[in-house]
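Engineer: Chain residues, written in single-letter form:
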Amino acid sequence: MSALITLDNVTVAAADNVLVQPLSLSVNRGEPLTILGETGSGKSLLAQAIMGTLPASLTMQGTVSIQQQPLDIAARRQLWGKQISMLPQEPWQALDPVMPCEQQVSEVFRYVGNAAAASAQLAARAQLDQVGLSQVSRQLPQQLSGGMAQRVAFAAATAAGAPIIIADEPTKGLDTSQRDGIVQLLKSQTQHGGLLTITHDVDVARQLGGRIMVMRHGQLLESGSAEQVLSQPQAEYTRALINAQPQFWPAATPATAQQPLLDVTDLAQHRGEQLLFQGLSFSLSAGEILGVYGDSGCGKSTLGDTLLGLLPPASGHIKWQQPLHRSQMLKLYQDPPASFSTAVTIGTLLKDLLKRHKLAASAIAPLLRQLNLDAALLNRTAKDVSGGELQRLALLRTMLLSPKFLVADEPSSRLDPITAQQLTQLLVRLAREQQCALVLISHDKIQLQKVCDQIIDLKDYQLREVQA
Amino acid sequence: MSRLFHALTLGQRCGALLLLSLLAAAWLVPLFGYNQPNVQHLSAAFAPISAAQPLGADQFGRDMLARLAAAVRLSFGLSLLCVGSAAVFGILLGVVAAWSQPWCDKLLNFIANTVMALPGLVLVLLISGIAPGSFIMLYLGIALTLWVEYFRVVRATVQPLVHSPEIECSRLLGFGRWYLFKRHIWPAIASNVLTLAAFGAATSILMMASTGFVYAGLKPPTAELGLMIVELFPYFAEATWVLIQPLCVLVLMVLGFNLLAGQKA
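Line by line, the protein sequences give chains A and B.
Numbering-wise, the first sequence is residues -15 to 452 according to the working numbering.
Numbering-wise, the second sequence is residues 266 to 530 according to the working numbering.
The following block holds chain A by itself, in its conformation from the complex:
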């Protein structure tokens, strides 16, 4: 086994603090290496250090060797595409939004691989065919799903024949099925090259196999073979990370006192011309948790908006058994920063809310304690607060109004596993203690099975189309 990438005592530091503690590792041919850790643990910095793309404000020490050759940044830059290449976090941001996929891949053959225009196009077609995307080669990245866009990015990243791939959170925000597709693609890469994957998803690490390194706060906690680390974790943090996976969650206590709140009969909804679901009937009681499951784009969020009265139903009835005030029907958003105004501090936004509903300012402090939030966060704007904290602040904001009906639209899909588990448990507690009916939307079925009283799989209500 030959080492493709070797790091020797690499540190990354900002002006006054060390972000990545001295770290040595090697990526071998045929053996994927996965770095596992939460957001902000310095994983991505490590990838940037290897590529030589660290921001100018950060300094790197130690040696990086590619194919056992110690190389400086300029020399590593020469190898981009041909020897080493990086799969980006958000494919939509890495791909050109106004250029068809095939052309984007063919440009790599043409300008990195120095092929003629005609042969580059043929090669691009073959490359896309290999990742199973020959159907969509003429489409723009926006017309593709996240998983497909990531496969286009993969095709482009590997087009120049780089044997070493660095994948930085390649499955962020993807559905389970799309995620598994990307992981398979990455695994195929390891047969003839090296793979370094950075992720916070334990499932991805398990599927990739090979070796695992667990990082937290820029420090290596433990490393070893995937099997060994995942079955017998040594570090406490690794155990917490593994236990935060939905399949290890304790099942929530079922709802008790049942006071009917909502009856839905024969509901159908469109998006444009497309029928999303039909014949949907269910009833919901106060304090009950309803899970809505489905792949992205299947109408989960649309169902939530319809129940909230933001969209009129295409047909069917939504009947409320108890009269609810408008501001007792609330929503928790998937992307916490998108649901806050960033112009003023969070404290000001909360004050606005207290004033609007004539609530006492003393209501905030106990909720901060209950949600385990620091009061100093209120002096910051939403831009300067981490995703997990911001989502809890969003929850605090809704709890101030003591809602009776809450739609949580994938509230934890952008959070780290441990934070996601905490948030979901907080939501369950809110539902049970305040007798608030909760609609939990997710693409993670196991998570829903652990916490929900009833689950709707939207696939059961879709019009079945005959495949042409």
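If you're looking for bench data, these hints aren't it; they were derived computationally from the structure.
Computed from a predicted structure; not experimentally measured.
Ideal placement from N, C-alpha and C gives every residue a C-beta, glycine not left out.
Worth double-checking, as some hints may not be accurate.
Simulated crosslink set (DSS-like; lysine-lysine; CA at most 27 Å straight-line) [what the hints assert, rightly or not]:
(1) A:K339 to B:K447
(2) A:K339 to A:K434
(3) A:K335 to B:K447
(4) A:K443 to A:K429
(5) A:K367 to A:K335
(6) B:K447 to A:K342
(7) A:K429 to A:K156
(8) A:K171 to A:K156
(9) A:K339 to A:K171
(10) A:K367 to A:K156
(11) B:K447 to B:K371
(12) B:K447 to A:K367
Not everything, but these chain B residues come out facing chain A in the computed CB check (under 10 Å) [said to hold, decoys possible]:
(13) L283
(14) S435
(15) L437
Given the coordinates of chain A, work out where chain B should sit on it, guided by the hints.
Structural biologist: Here is chain B on its own, set in the frame of chain A:
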């Protein structure tokens, strides 16, 4: 105030400084006794620089310093009035268009496109031609050509924002439209609107001078930059120095506003 100053670039600070010094000069000059822009001394036509007339006199022997100060006050006043009303009107219609039913949006957009199709100066000349010499008509003409820019920029910025989670969330939380404007829409459009306002002020000063230059704006003996330039034009050979003065002031004012607008365009 000091925080605002720190947020500006070097160019913007220069522009602000230039405008402030022009403004200060225009208001301070009358206090020092140079307060008779329209009094003629025909025997003292093109009198050279003296203590009584620090910038000399024009073809009717009027004090140039007093006339320039009056012209600057007039131009500033009019440009602020025009920009202020055009901005309020444009923002209001832009937000309404983005927020309302498609038919209302189409109607407003149609009106804006119609105004856009006319060259700005032609519209100003047309309207001020209805009642020549009227300050109100000049103001209306300039304001009517300026509002379209605000309308288009605000509409384009607000349209995607109207359906954004942050506004939907605030609505669910029970906030009204004024709150949504204050917390979500204004922060998104403020920097663009302020840039447009600085450019708009420069445009309105130039428009006013242009109408004066073709005798379609204010009437003599009003001290107005365009009017002063065209009146002094025949004496180009004898009194170049006097003609240059209103030209320089005009250039400085427009430069000041353009610098203040910054690099975003």
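Engineer: Each hint should be assessed against the structure and marked as holding or not.
Structural biologist: Quick rundown of the hints versus the structure:
{"no.": "1", "hint": "A:K339 to B:K447", "verdict": "holds, 15 Å"}
{"no.": "2", "hint": "A:K339 to A:K434", "verdict": "violated, 38 Å"}
{"no.": "3", "hint": "A:K335 to B:K447", "verdict": "holds, 15 Å"}
{"no.": "4", "hint": "A:K443 to A:K429", "verdict": "holds, 12 Å"}
{"no.": "5", "hint": "A:K367 to A:K335", "verdict": "holds, 18 Å"}
{"no.": "6", "hint": "B:K447 to A:K342", "verdict": "holds, 19 Å"}
{"no.": "7", "hint": "A:K429 to A:K156", "verdict": "holds, 17 Å"}
{"no.": "8", "hint": "A:K171 to A:K156", "verdict": "holds, 17 Å"}
{"no.": "9", "hint": "A:K339 to A:K171", "verdict": "violated, 55 Å"}
{"no.": "10", "hint": "A:K367 to A:K156", "verdict": "holds, 20 Å"}
{"no.": "11", "hint": "B:K447 to B:K371", "verdict": "holds, 25 Å"}
{"no.": "12", "hint": "B:K447 to A:K367", "verdict": "holds, 18 Å"}
{"no.": "13", "hint": "L283", "verdict": "violated, 30 Å"}
{"no.": "14", "hint": "S435", "verdict": "holds, 7 Å"}
{"no.": "15", "hint": "L437", "verdict": "holds, 5 Å"}
Hints 2, 9 and 13, counting from the list given before, are not met by this structure.
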